[in-house]
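**Student:** Dock chain E against the given chain W, drawing on the hints supplied.
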Amino acid sequence: MDSKVQQKIGLKHGSGGRAMRQLIEDVFLSLASPVDGIGLSALDDGAAIRVGDRWLVITTDSHVVHPIFFPGGDIGRISVSGTVNDLAMMGATEPVGLTCAVIIEEGFPRADLERVVASMRETAKEAGAPFVTGDTKVMGKGQVDGLVLNTTGVALADRVVSDAGLRAGDLLVVTGSIGDHGMAVMARRHDLRLEGDLRSDVAPINGLVRAALAAGGEDVVAMKDPTRGGVAGVLHEMAAKGGVGIVVDEPSLPINDEVRAAGEMIGIDPLLVANEGKAVIGVRARSADKVLAALRAHPLGARATVFARAIAERPGAVILDTGFGKRMLAEPEGELLPRIC
Amino acid sequence: MSNDDLFRQLKFRDPARARALAEALRHNMDAIGREVSVMHVCGSHEQAIARFGLRAVLPPGLELIMGPGCPVCVTDGPEVDEAVALAMQGVRVCTYGDMLRLPGTARSLADAQADGGKVEVVYSISQAVELAQAHPEEQVVFLASGFETTAVATAAVALASPPPNFSILSVHKYVPAAMEIVAASKETHIEGYVAAGHAAIITGWAIFEPFAARTGAPVVVAGFEPLDILAALVKLTELIREGRPEVANVYPRCVTKEGNLPAQRSLWRAFRTVTGRWRGIADVPGGNLELVPELAALDARKRFRIDTAGVRDAAAEEEAKGCICGRIMLGLATPEHCALFGTTCVPESPVGACMVSSEGQCRIWHTYGGVPDLRKVG
Chain W
1 MDSKVQQKIG LKHGSGGRAM RQLIEDVFLS LASPVDGIGL SALDDGAAIR VGDRWLVITT
61 DSHVVHPIFF PGGDIGRISV SGTVNDLAMM GATEPVGLTC AVIIEEGFPR ADLERVVASM
121 RETAKEAGAP FVTGDTKVMG KGQVDGLVLN TTGVALADRV VSDAGLRAGD LLVVTGSIGD
181 HGMAVMARRH DLRLEGDLRS DVAPINGLVR AALAAGGEDV VAMKDPTRGG VAGVLHEMAA
241 KGGVGIVVDE PSLPINDEVR AAGEMIGIDP LLVANEGKAV IGVRARSADK VLAALRAHPL
301 GARATVFARA IAERPGAVIL DTGFGKRMLA EPEGELLPRI C
Chain E
1 MSNDDLFRQL KFRDPARARA LAEALRHNMD AIGREVSVMH VCGSHEQAIA RFGLRAVLPP
61 GLELIMGPGC PVCVTDGPEV DEAVALAMQG VRVCTYGDML RLPGTARSLA DAQADGGKVE
121 VVYSISQAVE LAQAHPEEQV VFLASGFETT AVATAAVALA SPPPNFSILS VHKYVPAAME
181 IVAASKETHI EGYVAAGHAA IITGWAIFEP FAARTGAPVV VAGFEPLDIL AALVKLTELI
241 REGRPEVANV YPRCVTKEGN LPAQRSLWRA FRTVTGRWRG IADVPGGNLE LVPELAALDA
301 RKRFRIDTAG VRDAAAEEEA KGCICGRIML GLATPEHCAL FGTTCVPESP VGACMVSSEG
361 QCRIWHTYGG VPDLRKVG
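The listed protein sequences correspond, in order, to chains W and E.
Here the first sequence stands for residues 1 to 341, numbered as in UniProt numbering.
Here the second sequence stands for residues 1 to 378, numbered as in UniProt numbering.
Quick caveat, the hints were computed from the structure, so don't treat them as lab data.
Backbone N, C-alpha and C define an ideal beta-carbon position, used for all residues, glycine too.
Worth double-checking, as some hints may not be accurate.
To be verified - In the BS3-like style, the derived pairs of lysine-lysine whose C-alpha atoms are separated by at most 30 Å in a straight line are: (1) E:Lys118 to W:Lys8; (2) W:Lys8 to E:Lys321; (3) W:Lys137 to W:Lys8.
What the hints assert, rightly or not - Quick look at which bits of chain W chain E covers, simulated, 3 or more residues with Cβ under 8 Å: (4) 240-252; (5) 317-323.
Isolated chain W, as found in the complex (with noise of 0.2 Å):
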């Protein structure tokens, strides 16, 4: 891929795939500094601060999407389930406070505004996470686009579990279906009409989470939520981090048939569509029935499946065996466009 980010930023630098993390890596990276614990540098789902024998987790999150209330969810519930979400791939499920910062452009009707705000209200309750201070501005018309929402979550653990942590023999467990949210919103954007019932599955998860984390302790050793860059996403960053090769097995994965009907007619994999309520977590071998088990027993992960193992060969790499035979997995690269013909 270029060794060098172009000279000007397309859309193609924001969708969470190879594009993005060469941007990230040649411009960001520089603001990093050494911490003690889990700094910039790590590229992982927020920070941990080491204070005293805890961790303090931060983690911050910008949100546009298209369109702001769609099918399952809005704007405001993506913006509270992102990072109360990020927060818990860190192993901090209890968020001490959020804040929020609005940008709205001129025009935006106020109406919206207010559903918005409601619905980012219902959703922290339901994490148990409390707004605590917040900030507000307004930009010319056409000088943003509609609404953008910034939130940022602190919360104190007493062990972080990064994206780095697998190693040959773990299994990987996915808290439930795939491809729910992107395809819904892809759906709505581009005015599919499709039939049958195609609904993002933004929420809150940490409940969820803590639920795994207390059925699988230390055996929990790597945590991601496919956002961006989806399933496929997760992966490869785990498989790089973790110096692993990935085998996905491809019949297993919980997918809708909405969201698997969308796919083949769009042409676009589930495997590469954003999730806001899911979660890809890695277990030690031994501890995955345990963890498995209290996934299932909470409403949000009845339908949480073993769907990939490490493997000590092919280091970096995921391969998918689609129960036909195995090919390897594409990173995700650019923007997602349904094809055309």
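**Tutor:** Below, chain E alone, put in the same frame as chain W:
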């Protein structure tokens, strides 16, 4: 297509049946007892093979090669130049999406569009006709690409008295001619062919009989589900094992011996085969479809003076950059033999035609992560 239709298709995806077919394939290869190379000539077959990882279950010694099966890839640079020249002289040029980024010798239609040329992506030729009807003051040209399958649609429109401001720039190609080129090549040693099911729906499977008899290589017509392809390989290796250069059809749910006769009649009322240059390959006798003299008034080449003076040899230039698309399309190399593959040549900035089209082998391999030997992994 409704979801129900899609779910009906999904029942073809049965891994247990796939394992049984892979076992039968292994049995045939054991009986043959030497290395065998077979070829398919269809981008949609390559899509299914790459997506389902079928090469990882092929028995050792069986090589499955993609031939010149991508109609966009084999469209020659000067053919693109003609369309670019028309767009730049104020004609509205309509074509399928993949043709937009295909490089001409100097520029692509996308470049022409950026330079102010009138270029429009359409989903079908009928949409181009509608544009002509909506803009009677303009000349609308449909750049007609694709193999027999799409040529039939072009033929139907050509024979249905389209509006007077509508014409056709045909770069249609004819698949059986390409198989002849491969069979005649001294470098390839293809012992059997998997033929594209959708083209055969039109032409019928019997069309391949003279080819099989003359070249001694059996041909099996196949559909596009993973099981279709595995079944075709089982049948093909069986014919090779028994030394029977025959044609078989493992896609009987869609393909008949004689094919779609009304479609064939339309095709040959509208087109005749002529020798044409295929990008990166050669002049292919009978490889291009040209509108018949009776439809000359619809032929954009006859209606307009298309000035493509100063065109260069695009394939030679791509080769100079290290592109091996020509060798890939002839089945002499795979994308992994190309130093540019996945590094300087990627879908966003393709060097050669095979990385441009979603039917091109490089693009397909790139999408599905390349195909290193995974037979022994995990």
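**Student:** Now, for every hint given, state plainly whether the structure supports it.
**Tutor:** Hints, one by one, checked against the model:
Between Lys118 of chain E and Lys8 of chain W the alpha-carbon distance is near 26 Å, which keeps this suggested pair within the 30 Å criterion. For a cut-off of 30 Å, the pair hint linking Lys8 of chain W to Lys321 of chain E stands: about 25 Å separates their Cα positions. As the CA atoms of Lys137 of chain W and Lys8 of chain W are separated by approximately 26 Å, the hinted pair is consistent with the 30 Å bound. Only residues whose beta carbon comes within less than 8 Å of a beta carbon in chain E count, and the stretch 240-252 of chain W has 3; three or more means the coverage holds.
Only residues whose beta carbon comes within less than 8 Å of a beta carbon in chain E count, and the stretch 317-323 of chain W has 6; three or more means the coverage holds.
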